[in-house]
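Can you build the whole structure from these sequences, using the hints too?
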Amino acid sequence: MQSNVALKPEVAMRLHVGIIMDGNGRWATRRGLSRLRGHEAGVEAIRRIVEAAPDQGVGTLTLYAFSSDNWRRPKAEVTALMGLLRFYLANEIAALMRNGVRLTVIGRRDRLPDGIATAITRAEAATADGTTLHLRIAIDYSARDAILNAAARAAGVGQLNRETFADLITGEAGLRDVDLIIRTSGEKRLSDFLLWEGAYAELHFTERMWPEFDADDLADALASFHRRERRFGGLTAIAPAEVPNL
1 MQSNVALKPE VAMRLHVGII MDGNGRWATR RGLSRLRGHE AGVEAIRRIV EAAPDQGVGT
61 LTLYAFSSDN WRRPKAEVTA LMGLLRFYLA NEIAALMRNG VRLTVIGRRD RLPDGIATAI
121 TRAEAATADG TTLHLRIAID YSARDAILNA AARAAGVGQL NRETFADLIT GEAGLRDVDL
181 IIRTSGEKRL SDFLLWEGAY AELHFTERMW PEFDADDLAD ALASFHRRER RFGGLTAIAP
241 AEVPNL
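Everything in the sequence shown is counted per full-length UniProt numbering, starting at 1 for the first residue and increasing by one.
Each hint can be trusted.
Beta-carbon label-pair distances, calculated as ranges:
#	residue 1	residue 2	range
1	164	32	44 to 54 Å
2	90	153	30 to 40 Å
3	26	152	36 to 46 Å
For the record, the hints were derived by calculation from the structure and aren't laboratory data.
Here a beta-carbon is modelled for each residue, glycine too, at the ideal position from N, C-alpha and C.
In C-alpha coordinates:
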(Lines of atoms letter the chains of each structure in order from A; the text may use other names.)
(Lines give C-alpha, C1' and ligand atoms only; values in the text may rest on other atoms or scores of the structure.)
Protein backbone atom coordinates (compact mmCIF):
# COMPACT_ATOMS: atom_id res chain seq x y z
CA MET A 1 0.00 0.00 0.00
CA GLN A 2 1.44 3.34 -1.03
CA SER A 3 0.77 6.81 0.28
CA ASN A 4 -2.05 8.86 -1.24
CA VAL A 5 -0.88 12.14 0.30
CA ALA A 6 -0.19 14.84 -2.29
CA LEU A 7 3.30 16.28 -2.40
CA LYS A 8 3.79 19.73 -0.92
CA PRO A 9 4.45 22.31 -3.68
CA GLU A 10 7.80 23.44 -2.28
CA VAL A 11 9.10 19.86 -2.48
CA ALA A 12 7.49 18.96 -5.82
CA MET A 13 9.14 21.94 -7.60
CA ARG A 14 12.67 20.67 -6.92
CA LEU A 15 14.43 17.82 -8.71
CA HIS A 16 13.42 14.18 -8.38
CA VAL A 17 16.47 11.91 -8.28
CA GLY A 18 16.35 8.14 -8.25
CA ILE A 19 19.35 6.04 -7.19
CA ILE A 20 19.98 2.36 -7.80
CA MET A 21 22.23 1.66 -4.81
CA ASP A 22 24.45 -1.05 -6.25
CA GLY A 23 27.76 -2.56 -5.16
CA ASN A 24 27.49 -3.16 -1.41
CA GLY A 25 28.54 -6.81 -1.67
CA ARG A 26 31.41 -6.19 -4.10
CA TRP A 27 32.67 -3.30 -1.98
CA ALA A 28 32.83 -5.60 1.05
CA THR A 29 34.34 -8.57 -0.79
CA ARG A 30 37.19 -6.48 -2.17
CA ARG A 31 38.04 -5.51 1.39
CA GLY A 32 37.81 -9.01 2.82
CA LEU A 33 34.63 -8.13 4.70
CA SER A 34 31.29 -9.89 4.93
CA ARG A 35 28.48 -8.88 2.60
CA LEU A 36 26.54 -7.79 5.69
CA ARG A 37 29.24 -5.22 6.43
CA GLY A 38 28.80 -3.97 2.89
CA HIS A 39 25.07 -3.49 3.44
CA GLU A 40 25.76 -1.73 6.75
CA ALA A 41 28.12 0.62 4.94
CA GLY A 42 25.35 1.15 2.39
CA VAL A 43 23.05 2.42 5.17
CA GLU A 44 25.75 4.90 6.16
CA ALA A 45 25.81 6.11 2.54
CA ILE A 46 22.03 6.63 2.67
CA ARG A 47 22.50 8.93 5.66
CA ARG A 48 25.11 10.99 3.78
CA ILE A 49 23.00 11.40 0.67
CA VAL A 50 19.77 12.18 2.52
CA GLU A 51 21.61 14.94 4.38
CA ALA A 52 23.26 16.32 1.23
CA ALA A 53 20.35 16.14 -1.21
CA PRO A 54 18.25 19.17 -0.14
CA ASP A 55 21.18 21.59 -0.35
CA GLN A 56 21.85 20.35 -3.89
CA GLY A 57 18.34 21.15 -5.14
CA VAL A 58 16.77 17.72 -4.70
CA GLY A 59 13.19 17.69 -3.43
CA THR A 60 12.38 14.02 -3.97
CA LEU A 61 14.86 11.18 -3.58
CA THR A 62 13.84 7.62 -4.50
CA LEU A 63 16.26 4.90 -3.38
CA TYR A 64 16.13 1.34 -4.71
CA ALA A 65 16.77 -0.72 -1.59
CA PHE A 66 15.27 -4.15 -2.30
CA SER A 67 13.75 -5.36 -5.57
CA SER A 68 11.12 -8.05 -5.92
CA ASP A 69 13.82 -10.21 -7.50
CA ASN A 70 16.06 -9.86 -4.43
CA TRP A 71 14.03 -12.51 -2.61
CA ARG A 72 16.08 -14.98 -4.69
CA ARG A 73 19.26 -14.05 -2.84
CA PRO A 74 20.60 -16.45 -0.18
CA LYS A 75 18.25 -16.66 2.78
CA ALA A 76 20.89 -15.44 5.25
CA GLU A 77 21.53 -12.32 3.19
CA VAL A 78 17.82 -11.55 2.85
CA THR A 79 17.38 -11.98 6.60
CA ALA A 80 20.28 -9.62 7.23
CA LEU A 81 18.81 -7.01 4.84
CA MET A 82 15.45 -7.19 6.59
CA GLY A 83 17.25 -6.76 9.90
CA LEU A 84 18.91 -3.61 8.59
CA LEU A 85 15.53 -2.32 7.47
CA ARG A 86 14.14 -2.88 10.96
CA PHE A 87 17.15 -1.05 12.39
CA TYR A 88 16.70 1.90 10.03
CA LEU A 89 13.00 2.24 10.84
CA ALA A 90 13.71 2.07 14.57
CA ASN A 91 16.72 4.36 14.72
CA GLU A 92 16.58 6.89 11.89
CA ILE A 93 13.07 8.31 12.18
CA ALA A 94 13.93 10.86 14.85
CA ALA A 95 16.72 12.24 12.65
CA LEU A 96 14.41 12.35 9.62
CA MET A 97 11.82 14.29 11.61
CA ARG A 98 14.45 16.66 12.96
CA ASN A 99 15.70 17.37 9.44
CA GLY A 100 12.25 17.77 7.89
CA VAL A 101 12.43 14.60 5.78
CA ARG A 102 9.18 12.92 4.79
CA LEU A 103 9.55 9.16 4.36
CA THR A 104 7.36 6.96 2.19
CA VAL A 105 7.96 3.37 1.17
CA ILE A 106 6.94 2.06 -2.26
CA GLY A 107 6.52 -1.57 -3.23
CA ARG A 108 4.75 -4.56 -1.70
CA ARG A 109 4.38 -4.92 2.06
CA ASP A 110 2.50 -8.18 2.35
CA ARG A 111 5.67 -10.29 1.93
CA LEU A 112 7.78 -8.43 4.49
CA PRO A 113 8.62 -10.17 7.78
CA ASP A 114 6.28 -9.66 10.73
CA GLY A 115 6.24 -6.16 12.17
CA ILE A 116 8.04 -4.37 9.34
CA ALA A 117 4.90 -3.20 7.53
CA THR A 118 3.58 -1.78 10.81
CA ALA A 119 6.91 -0.04 11.45
CA ILE A 120 6.78 1.47 7.96
CA THR A 121 3.27 2.83 8.57
CA ARG A 122 4.39 4.39 11.86
CA ALA A 123 7.45 5.95 10.24
CA GLU A 124 5.41 7.42 7.39
CA ALA A 125 2.93 8.92 9.84
CA ALA A 126 5.67 10.34 12.06
CA THR A 127 7.43 12.07 9.16
CA ALA A 128 4.35 13.11 7.16
CA ASP A 129 4.88 16.85 7.77
CA GLY A 130 8.44 16.93 6.43
CA THR A 131 8.98 19.58 3.74
CA THR A 132 12.77 19.61 3.30
CA LEU A 133 13.00 16.34 1.37
CA HIS A 134 10.63 13.60 0.26
CA LEU A 135 12.54 10.34 0.74
CA ARG A 136 10.99 7.36 -1.06
CA ILE A 137 12.49 3.94 -0.38
CA ALA A 138 11.64 1.12 -2.79
CA ILE A 139 11.31 -2.20 -0.97
CA ASP A 140 10.02 -5.43 -2.57
CA TYR A 141 9.56 -3.18 -5.59
CA SER A 142 9.07 -3.88 -9.29
CA ALA A 143 8.22 -1.10 -11.75
CA ARG A 144 6.60 -3.59 -14.12
CA ASP A 145 4.39 -4.90 -11.30
CA ALA A 146 3.45 -1.32 -10.38
CA ILE A 147 2.39 -0.65 -13.98
CA LEU A 148 0.51 -3.96 -14.17
CA ASN A 149 -1.36 -3.27 -10.92
CA ALA A 150 -2.23 0.24 -12.10
CA ALA A 151 -3.61 -1.20 -15.34
CA ALA A 152 -5.88 -3.51 -13.34
CA ARG A 153 -7.16 -0.62 -11.22
CA ALA A 154 -7.62 1.61 -14.28
CA ALA A 155 -10.64 -0.44 -15.35
CA GLY A 156 -12.74 1.53 -12.87
CA VAL A 157 -11.46 4.96 -13.92
CA GLY A 158 -13.72 6.92 -16.25
CA GLN A 159 -11.44 9.54 -17.80
CA LEU A 160 -8.02 7.92 -18.02
CA ASN A 161 -5.01 9.93 -19.16
CA ARG A 162 -1.28 9.93 -18.44
CA GLU A 163 -1.67 11.96 -15.27
CA THR A 164 -4.39 9.81 -13.71
CA PHE A 165 -2.58 6.62 -14.73
CA ALA A 166 0.64 7.95 -13.18
CA ASP A 167 -1.25 8.52 -9.92
CA LEU A 168 -2.39 4.88 -10.01
CA ILE A 169 1.18 3.70 -10.54
CA THR A 170 2.82 5.80 -7.85
CA GLY A 171 -0.03 6.06 -5.33
CA GLU A 172 0.89 9.73 -4.94
CA ALA A 173 -1.06 12.46 -6.68
CA GLY A 174 1.12 14.90 -8.58
CA LEU A 175 4.42 13.14 -7.98
CA ARG A 176 7.11 14.78 -10.10
CA ASP A 177 8.58 12.63 -12.85
CA VAL A 178 12.15 11.52 -12.26
CA ASP A 179 14.72 13.99 -13.58
CA LEU A 180 17.85 11.92 -13.01
CA ILE A 181 18.55 8.24 -12.32
CA ILE A 182 21.95 7.35 -10.87
CA ARG A 183 23.34 3.82 -10.74
CA THR A 184 26.48 3.03 -8.82
CA SER A 185 29.02 0.18 -9.26
CA GLY A 186 29.49 0.47 -13.04
CA GLU A 187 26.41 -1.50 -14.06
CA LYS A 188 24.43 0.12 -16.88
CA ARG A 189 20.84 -1.07 -16.65
CA LEU A 190 17.63 0.05 -14.94
CA SER A 191 16.74 -3.31 -13.35
CA ASP A 192 12.97 -2.67 -13.28
CA PHE A 193 13.29 0.69 -11.47
CA LEU A 194 10.89 3.62 -12.04
CA LEU A 195 10.16 2.67 -15.65
CA TRP A 196 7.12 4.94 -15.95
CA GLU A 197 8.29 7.86 -13.81
CA GLY A 198 11.75 7.76 -15.39
CA ALA A 199 10.62 7.71 -19.03
CA TYR A 200 12.52 10.95 -19.79
CA ALA A 201 15.07 10.85 -16.98
CA GLU A 202 18.75 11.50 -17.56
CA LEU A 203 20.85 8.43 -16.75
CA HIS A 204 24.12 8.70 -14.84
CA PHE A 205 26.33 5.64 -14.33
CA THR A 206 29.34 5.70 -12.05
CA GLU A 207 32.02 3.17 -11.16
CA ARG A 208 31.78 4.17 -7.51
CA MET A 209 30.35 1.49 -5.26
CA TRP A 210 27.35 2.60 -3.22
CA PRO A 211 29.17 2.51 0.17
CA GLU A 212 31.71 4.96 -1.33
CA PHE A 213 29.11 7.33 -2.75
CA ASP A 214 29.04 10.71 -1.04
CA ALA A 215 27.87 14.32 -1.37
CA ASP A 216 30.59 15.12 -3.91
CA ASP A 217 29.50 12.21 -6.11
CA LEU A 218 25.91 13.42 -5.97
CA ALA A 219 27.09 16.93 -6.85
CA ASP A 220 29.04 15.57 -9.84
CA ALA A 221 25.99 13.69 -11.12
CA LEU A 222 23.79 16.76 -10.75
CA ALA A 223 26.40 18.98 -12.43
CA SER A 224 26.45 16.62 -15.40
CA PHE A 225 22.65 16.71 -15.50
CA HIS A 226 22.56 20.52 -15.45
CA ARG A 227 25.23 20.80 -18.15
CA ARG A 228 23.13 18.64 -20.45
CA GLU A 229 20.01 20.63 -19.60
CA ARG A 230 21.78 23.86 -20.57
CA ARG A 231 23.23 22.31 -23.72
CA PHE A 232 19.87 21.09 -25.02
CA GLY A 233 17.74 23.87 -23.59
CA GLY A 234 15.89 21.71 -21.09
CA LEU A 235 14.59 19.22 -23.67
CA THR A 236 15.10 16.15 -21.54
CA ALA A 237 11.57 16.10 -20.14
CA ILE A 238 9.45 16.71 -23.25
CA ALA A 239 7.64 14.23 -25.42
CA PRO A 240 9.46 12.56 -28.34
CA ALA A 241 7.23 14.25 -30.93
CA GLU A 242 8.33 17.63 -29.59
CA VAL A 243 12.04 16.94 -29.75
CA PRO A 244 13.58 18.69 -32.76
CA ASN A 245 16.20 17.11 -34.99
CA LEU A 246 19.50 17.87 -33.26
